[in-house]
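Q: For reference, the chains in residue letters:
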Amino acid sequence: MTDVLARRSFRGLATSEAIELVHDELDGLWQDAPIVQDIDQMTFTTAVIEAASNIVQHAEPATALPVELGVEISVHAALLQARVSAFHAKPPFGPMEPVSADDDSESGRGLALIQALVTTVTFERQDATNTWVLSRTPSASAP
Amino acid sequence: MEFSYEIKDSYAEVKANGRLNMVSAPKLREFVTDVIAGGSSRIVVNLENTAFMDSSGLGALIGCLKAARQAGGDLRIAAVQPQVKMVLELTSMDRVLTSYASAEEAFSHD
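Read top to bottom, the protein sequences are chains A and B.
First residue of the first sequence: 1, per our numbering; consecutive thereafter.
First residue of the second sequence: 1001, per our numbering; consecutive thereafter.
Some clues are possibly wrong.
Stated by the list, open to error - Partial list, derived from the structure: chain B residues whose beta carbon lies under 7 Å from chain A:
| no. | residue |
| --- | --- |
| 1 | MET1001 |
| 2 | ASP1054 |
| 3 | GLY1059 |
| 4 | GLN1070 |
Since the hints were derived computationally from the structure, they do not count as laboratory data.
In this text, a Cβ means the ideal position worked out from N, Cα and C, and glycines have one as well.
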C-alpha cells in the first residue's frame, strides 16, 4: 500500500457522544489532507459515521466489559480506508446485507447507504472484536 | 445541533443548525412534534445550516413528515446542502421529501 498522507484514530465507549468526536476527527483529517476532493470527503465521512452509529446503536457486549468503538482512518494517494470496530462485542446479529426500506420506514437504510458510498466493505471478527473495513477509491484516481 | 422555529403566515419554519445525526435526530422529532402540537401542521424544515445528515437524521425527517400529515398538514424541506442532497438521492427519498430552494417557496403555490 502507498504511503499514508494523513491518519486519525478514535477509541472510546460506544456512546452517542463518541459519534460527535469521530466526526470531529474526520473534519480534522480533511484539513490535514486537503488533496482529498470535497466529494470524497463527503461520501467517506458519511460512510464512516453510518458504520460507527451502527455500532453505537446495535452492538451488544460479549462480556461484563462495555462495548468500545474504535475508528482508524487513513488517507493514501489512491485510497481512503477506515477500520470501524466494536471491541468487547458479540457477533453482529441480523442481516449483514442491506434490506430494502419502504418509503415510510424511519430506519433500515444505513447499510445500503454505506455500500453506495464506498468501493468495498468487508467484515472481520477476531477476539470479540467486530471490524468493518471501508475503502473508497478517490475520484481523481479512479480509472 | 440547535433548533428554532418561527410561525409564518401559512406555515411554521423550523431551522436546524448543525449535524443531523443519531444524536440530534430524536431531538428533531421531539421539536417538530411540539410545533405540530402547538397547532402548526404545515412545516418547512430549513436545512441551510445543516451540513451533514445520516440515515438517522433522514429517519427523523420521515417521522416528522408522517406526524405532520397525520395532523392534516405536510412537511417540506428547504435550502438543502450538498451532503444532505446526496443522502436523499442515494436513498431515493428525494421522491418523498420535497425540497425547495428556500423556506418561502415551500408552500407558496398551495
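Q: Check each numbered hint from earlier against the structure, then list the numbers of those it violates in ascending order.
A: Failing hints, ascending: 1, 4.
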